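Enquirer: So the protein sequences, as listed, match chains A and B. So the number in the working numbering is just where the residue sits in the first sequence, counting from 1, plus 1157. So the number in the working numbering is just where the residue sits in the second sequence, counting from 1, plus 1157.
These are computed hints drawn from the structure, not numbers from a lab. Only a predicted model underlies this, so the values are computations on that prediction, with no experimental measurement involved. Everything hinted at is true.
Below, computed lysine to aspartate or glutamate pairings styled on EDC-like, alpha-carbon distance capped at 16 Å:
#: 1; chain 1: B; residue 1: 1313; chain 2: A; residue 2: 1319
#: 2; chain 1: A; residue 1: 1215; chain 2: A; residue 2: 1332
#: 3; chain 1: B; residue 1: 1313; chain 2: B; residue 2: 1439
#: 4; chain 1: B; residue 1: 1422; chain 2: B; residue 2: 1488
#: 5; chain 1: B; residue 1: 1580; chain 2: B; residue 2: 1615
#: 6; chain 1: A; residue 1: 1313; chain 2: B; residue 2: 1319
Number of protein chains: 2
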Amino acid sequence: MSSTPLDELSAALPAGRLVTDPDIVRSVSTDQAAWAPAGAALAAVRAHSTDDVVAVVKTAARHGIPVVARGAGTGLSGGANAIDGCILLSLEQMTDVVEINDVERYAVVQPGVVNDRLREVVAQQGLWYPPDPASSPWSTIGGNVSTNAGGVCCVKYGVTGDYVLALEVVTSNGEVVRVGRRTAKGVAGYDLAALIVGSEGTLGIVTEITVRLRPLPPPAITAAGFFDSIVDAGSAVRAVGAAGITPSALELVDRHCLAAVDDWKHMDLTVNGNVLLLARVDDPEPMADEVAGRIAQIFRDNGASWAERSTDETEADALFAARRLAYPALERLGPVLTEDVVVPRQFVPDMLARIEELAVAHDVTIANIAHAGDGNLHPLIITPIGDDDARRRAQAVFEQILDAAISFGGTVTGEHGVGLLKKGGLRREQSDVVLAMQRAVKQALDPQGILNPGKVIDWP
Amino acid sequence: MSSTPLDELSAALPAGRLVTDPDIVRSVSTDQAAWAPAGAALAAVRAHSTDDVVAVVKTAARHGIPVVARGAGTGLSGGANAIDGCILLSLEQMTDVVEINDVERYAVVQPGVVNDRLREVVAQQGLWYPPDPASSPWSTIGGNVSTNAGGVCCVKYGVTGDYVLALEVVTSNGEVVRVGRRTAKGVAGYDLAALIVGSEGTLGIVTEITVRLRPLPPPAITAAGFFDSIVDAGSAVRAVGAAGITPSALELVDRHCLAAVDDWKHMDLTVNGNVLLLARVDDPEPMADEVAGRIAQIFRDNGASWAERSTDETEADALFAARRLAYPALERLGPVLTEDVVVPRQFVPDMLARIEELAVAHDVTIANIAHAGDGNLHPLIITPIGDDDARRRAQAVFEQILDAAISFGGTVTGEHGVGLLKKGGLRREQSDVVLAMQRAVKQALDPQGILNPGKVIDWP
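Isolated chain A (complex conformation) (with noise of 0.2 Å):
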């Protein structure tokens, strides 16, 4: 009698790893694309090592089964959903931190160390370590390199691949390698870790990630202005830009989100105005000061009803906080189903004007927060719960922002990644040519098509 994929896997891993209960896989089968359809899984896997990792990936391997690798599953484009048959590989038990280099300044961790939990332990040693996606408080590590995630302060300091110098991967025929390096820079070879970031689990399992870190910048100071009009507030954004000013962080939060943040947390954001902007300023005293107060402002230039460089850091932590809130605040009225374009800054209040009238003409919400001053807006799409028709419409107008934002010589994602909403987009966006190279990359590191296939691109 041949030996079925969960007899070995059983085999293979310490007691306790392998979950074949159908409540616990159907409950890892999703991360938080709520639009994005998911298979049944055969079973889940909850790692411990790289050891557990390779176990999976060669049973995988031998019996032609796919292999879901997930963090935290705050994923927003299906990417960790399961496929049919597959084993859902959990990397959230993986937590240690491996090492952190206060003179060489990286920090070796492994998949499951959570975003926040990074930011903590490293700002003991007065280290930072930047990308801080909205997701930080759950998000992992591993989960922010397989989507290259952003985040607030990557106007100023970059994606969460900027950070990576070497990562630990488990490749589709379940052997160990090491790409990357642990120096200041290098060019040994292809640059496989740069490959790797952002591809969502579909070229190797990443078991373990050095990252770049920063020494802790100073205090940062906020300034904030409430408008009437999104597109003015997208004009003050391009405005900031031409200014040549460069913010560690500026936001834009739409009159829908702070009116879901009302609701549910009841801050009166809605009674200042329809449209926050929020921009964090960490330049060395006193530059930051005077830059905060340019920022403020250029707001009223561009028709802030109100626009101050803020004299009260909680009342500044509470505007963040909320801009943090907004999207579990929106989730709260029916599934969302989130956007995550990019255009170049000078066309923010251009897209900002496009989805406002896509909204009017399809007859759905759309709310937004957005990256502004790095052109990554996510437009939030809601529709009441049950109402298929608004899901329909929804979905049409989901496909038009995508091809407005390439339109205006954008992108499709920024920083959630392909998964599978955005694989019609991403081939809208790539010529055939270019689909075709990434079909062959794919098809060079996994040529069995056992990792995550099916996302990202077509398999086969």
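Fit chain B to the known structure of chain A by using the hints.
Expert: Okay, now just chain B, sitting in the frame of chain A:
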């Protein structure tokens, strides 16, 4: 009668592009790596456009002939050296600055634009392209991309790849693709642009580059120190890092270099000491002044015979000019075998000590210039012209220096690329499985193996 590759090139290209004169072909058959072997090319082509590149690659693909792309030929690893029977594809005539966008802060250039020229034209708009290899007066952006070139300011501002947003690339079958993006962030599919940066013309021919720009930094302040001992200078470098200081340059020039520059330019540098450390600080005032003073103090605390924050920018510029002149000054003494190792910063003094030991043990002269702040050392092994025994000793030391760098957790090449000279070192640095991944990627994007085959990795 079947047509020959030369017939086809001649028919496909405008007049004057194809060069078969053996003397001219030979003159473009090598880069600056005097020790690397070069083959006999079939012909050279001076491309003026992407169409010319397409014509060359399509002809080469039809006939299975290697194509070796080159810029100014300032490479130091033999990556642009001719392969027997190849077409040398010079991109030096593709010198258009296509666009400078001061709002989005990017520039679009053809590959033949010289690094210093790009800096000059963007500076007119208050913008800055940071990567500044020592070859910046001659080397092209295309060449810089092909080796992921670094430079003096990379200790603070990163290397070429950190500034590449998008590339136009001619693939191995002669198709024109665009990879990357013009937006501030994006994760739409695998990062093919990052894969092609540093691939030394083996995965595609880069015909247009979109680079990210920064605002011009404030004028830098220089701190300089002279040391008797190179290991003391290395300790000072480590101490600057440990103090949490990030200078915008931290360069080391040893006594062999200083003497060679003195001999050539009569600068009397060696009167001051054996080893020069040069730091630049470009923080906003008044911080820069204070930081430069701290660096000078750290130099003195670590054994500098003299160290000061410079109050005379003419004098400071002369010291940086001496650093740039070191390499050509040494080349006047005989063939130079150039290393490009990187070690973690904390091991800079240990690595410098090891290099001194190897020089003594093998009776060879090793000069050192180094981007010491990021651990990137350029030991330069110099042999008297015509001394074959010294040449053999030099080659043995060359490999042992690579091994020493690997043993300190470093890499065999920081910014020059693997080319031909570091292929052995690359094989020792990376595991067999990683090397197999590299070959799989090469096979995926250049299945016929016509793009600079045998460089970086073995082919077939």
